[in-house]
Amino acid sequence: GENVEQHPSTLSVQEGDSAVIKCTYSDSASNYFPWYKQELGKRPQLIIDIRSNVGEKKDQRIAVTLNKTAKHFSLHITETQPEDSAVYFCAARRPDSGYALNFGKGTSLLVTP
Amino acid sequence: NAGVMQNPRHLVRRRGQEARLRCSPMKGHSHVYWYRQLPEEGLKFMVYLQKENIIDESGMPKERFSAEFPKEGPSILRIQQVVRGDSAAYFCASSPSGNYNEQFFGPGTRLTVL
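Chains as they are written, first to last, in the working numbering: chain A, 1 to 113; chain B, 1 to 114.
Hints in this document: simulated from the structure, not taken from any laboratory. Hints are all accurate, no fakes.
No farther apart than 27 Å at their CA atoms in a straight line, the calculated lysine-lysine pairs in the DSSO-like style are these:
| id | chain 1 | residue 1 | chain 2 | residue 2 |
| --- | --- | --- | --- | --- |
| 1 | A | K42 | B | K27 |
| 2 | A | K68 | B | K44 |
| 3 | B | K44 | A | K71 |
| 4 | A | K22 | A | K57 |
| 5 | B | K44 | A | K105 |
| 6 | B | K62 | A | K105 |
| 7 | B | K44 | A | K42 |
Extracted from the complex, chain A is given alone in its bound form:
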């Protein structure tokens, strides 16, 4: 099955700095890579996703890059704000997996004012 590794497990940055979270996946057949943000006690919410036919996608302060050869993808948050503090999960999906998402273990991001 698909195995998704996520690093770092915790990340602390100053407000205004950039934050980068990296994930690797094991199955080269995976073709969809979403990122979810989960605030304490809340539901995971999709913030950005990328499909395997695209190398980069950007939405305001958030961007995701995908390197299919190396089987890794990254989340980039620029100009971080305290409200960006949350746990971020990456995920990967194999096309033959019945649409199930395989999640990384999460990165706890803390943005300090």
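Given chain A, put chain B in place with the hints provided.
Chain B in isolation, oriented as in the chain A frame:
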């Protein structure tokens, strides 16, 4: 358009009891997924259902756990004879039939087994 609904939000059971978790997908969504989240862990896939069909239950324990998504009504995740290790947050997600990639999550049910 209401989001994915789950109830109850919190459920306390004693060892050996049964737990029933309900999930109502977003309107127009016919695909439902259940995930389990242990404390400070990621989400682990359990089961994927469409109306009246279990499509993939590869992540669900073979014993004590079952899931259904009837033609009418919510999807149900049922845990029989609960044990302390079943304590976790159980999240349901749904997706529209025409766009199977984006999954929208419910608020979760936090199960505590005493």
